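Work out the full structure: start from the sequences and follow the hints.
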Amino acid sequence: MPVLTGKLGTSVNGPEGLPPLDGDARDCVDWRHQEEQVRRLRGRIFKAVQEGDWPLAGNVQKLMLRSWANTLVSVRQVTQRSTGRRTAGIDGLVALTSQARAEVAVQVHATIGSHQPSPVRRVCVPKASDKTRMRPLGIPVISDRCHQARVRNALEPEWEARFEPRSYGFRPGRGCHDAIESLFNTLHGKSKRVWILDADLAGASGKISHGHLLEMPGGFPAREMIAGWLKAGVFEAGKGFARPGEGTPQGGNPCC
51 MPVLTGKLGT SVNGPEGLPP LDGDARDCVD WRHQEEQVRR LRGRIFKAVQ EGDWPLAGNV
111 QKLMLRSWAN TLVSVRQVTQ RSTGRRTAGI DGLVALTSQA RAEVAVQVHA TIGSHQPSPV
171 RRVCVPKASD KTRMRPLGIP VISDRCHQAR VRNALEPEWE ARFEPRSYGF RPGRGCHDAI
231 ESLFNTLHGK SKRVWILDAD LAGASGKISH GHLLEMPGGF PAREMIAGWL KAGVFEAGKG
291 FARPGEGTPQ GGNPCC
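Counting from 51, one number per residue, gives the positions in the sequence shown under the working numbering.
Careful: at least some of the hints might be erroneous.
Claimed, not checked - Pairwise CB distance ranges (calculated):
no. : residue 1 : residue 2 : range
1   : A287      : K181      : 20 to 30 Å
2   : I230      : Q130      : 24 to 34 Å
3   : S255      : H227      : 39 to 49 Å
4   : Q130      : H227      : 21 to 31 Å
5   : R224      : A252      : 16 to 26 Å
6   : G239      : L146      : 16 to 26 Å
7   : H260      : L237      : 33 to 43 Å
8   : R221      : E86       : 18 to 28 Å
9   : A254      : E231      : 23 to 33 Å
10  : G290      : R90       : 41 to 51 Å
11  : V173      : G239      : 43 to 53 Å
12  : G290      : P215      : 39 to 49 Å
Calculated directly from the structure, the hints in this document are not laboratory data.
If you're wondering where the values come from, they're calculated on a predicted model, not measured in any experiment.
Where is the CB? At the ideal position from N, CA and C, for every residue including glycine.
Now the structure itself:
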C-alpha cells in the first residue's frame, strides 16, 4: 500500500496518498483542522444547492468523498463518538484502540471507489414504548459504517438545503424540543390552528421502496454505494441470510 511521509493528520485528497502508521503518528491528528476541512466542504455543498448550482454541488461532493479529512472525521465518529462503537457487525470487528482506528482509517480510505458492502447483522431488542414487543436492528460492519459516515457528509448538506424549514426528524442540530417549540409558537394565543396529528406508521422502515429511494439522490456521486447497502442483505442467527427487496435496516446510523 503506497504511503506518504508525515503524520496521520496530513491533509491528503484521494485514496492514492495515505499517511503511515508507524511511531506516534496515529496519535498526532489535528482534529480541529480536520473537522474544519469537513465543515467547509459541507458549507460549500449547502450553498451551491441553495443557489441552484448543481454542477458545483456535484464537484464539491466528489471532493468530500475523496477527502482524507472526511475519512478521518468519519472514522472518529464511528469508532469513538458513536454509542454503538463497541457493537460489531457480522465480521465481529470493532476498533477501540488508536492503532486499530488508524488501521481502519487507512483501509477505508484505500477502498474509496472499490468498497463492497457486507450484510448487516440483525438483532432484536425490546421496544422502548412496549417491552413486550421486539424491534429488529441491523448492525453494519465497521467498514460499512465508516463509509456511510463519509457518504453522509457529502449527501446531508444537499438535503439540508432542500428540506422544509419546519421538518425536524433525523436532522443535524434538531430534535424533539425544536418541534415542540415550533408547535407552541404556532398554536398559542389566537392561532386558528388548534389541533395536532400524532401518527405512527407501522413498519415504515421495513417497507421503503428501494427504487423510489434510489431515485431521490439523482446524480449523487456515491449513489451506487447507497444501492449496494440497500441490497447487501441481512444475517440473523438461527435464520441465516436474507436479501429483502424493500425496506432499510434500523440501527445502522453511524451517528448513533
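Checked hints:
1. The supplied range of 20 to 30 Å is met by A287 and K181, whose beta-carbon atoms lie about 21 Å from each other.
2. Hint check: I230 to Q130, Cβ distance near 31 Å, so the stated range 24 to 34 Å holds.
3. In this structure, S255 and H227 break the distance hint of 39 to 49 Å, their C-beta atoms being roughly 24 Å apart.
4. Checking the proposed 21 to 31 Å range against Q130 and H227 shows it holds: the Cβ atoms sit about 26 Å from each other.
5. Under the hint 16 to 26 Å, the C-beta atoms of R224 and A252, about 24 Å apart, fit the expected range.
6. Separation of G239 from L146 is about 52 Å and departs from the stated range, judged on CB atoms against 16 to 26 Å.
7. For the pair H260 and L237, the beta carbons lie near 38 Å from each other, so the given range of 33 to 43 Å is met.
8. One distance hint, 18 to 28 Å for the beta-carbon pair R221 and E86, holds here, with the actual separation near 22 Å.
9. At roughly 25 Å, the beta-carbon separation of A254 and E231 lies within the given 23 to 33 Å, and the hint holds.
10. Here the CB-CB span from G290 to R90 is close to 45 Å, well matched to the stated 41 to 51 Å.
11. Look at V173 against G239: about 47 Å separates their beta carbons, and that is inside 43 to 53 Å.
12. The beta-carbon spacing between G290 and P215, approximately 45 Å, falls within the hinted interval of 39 to 49 Å.
Of the numbered hints listed earlier, those contradicted by the structure are 3 and 6.
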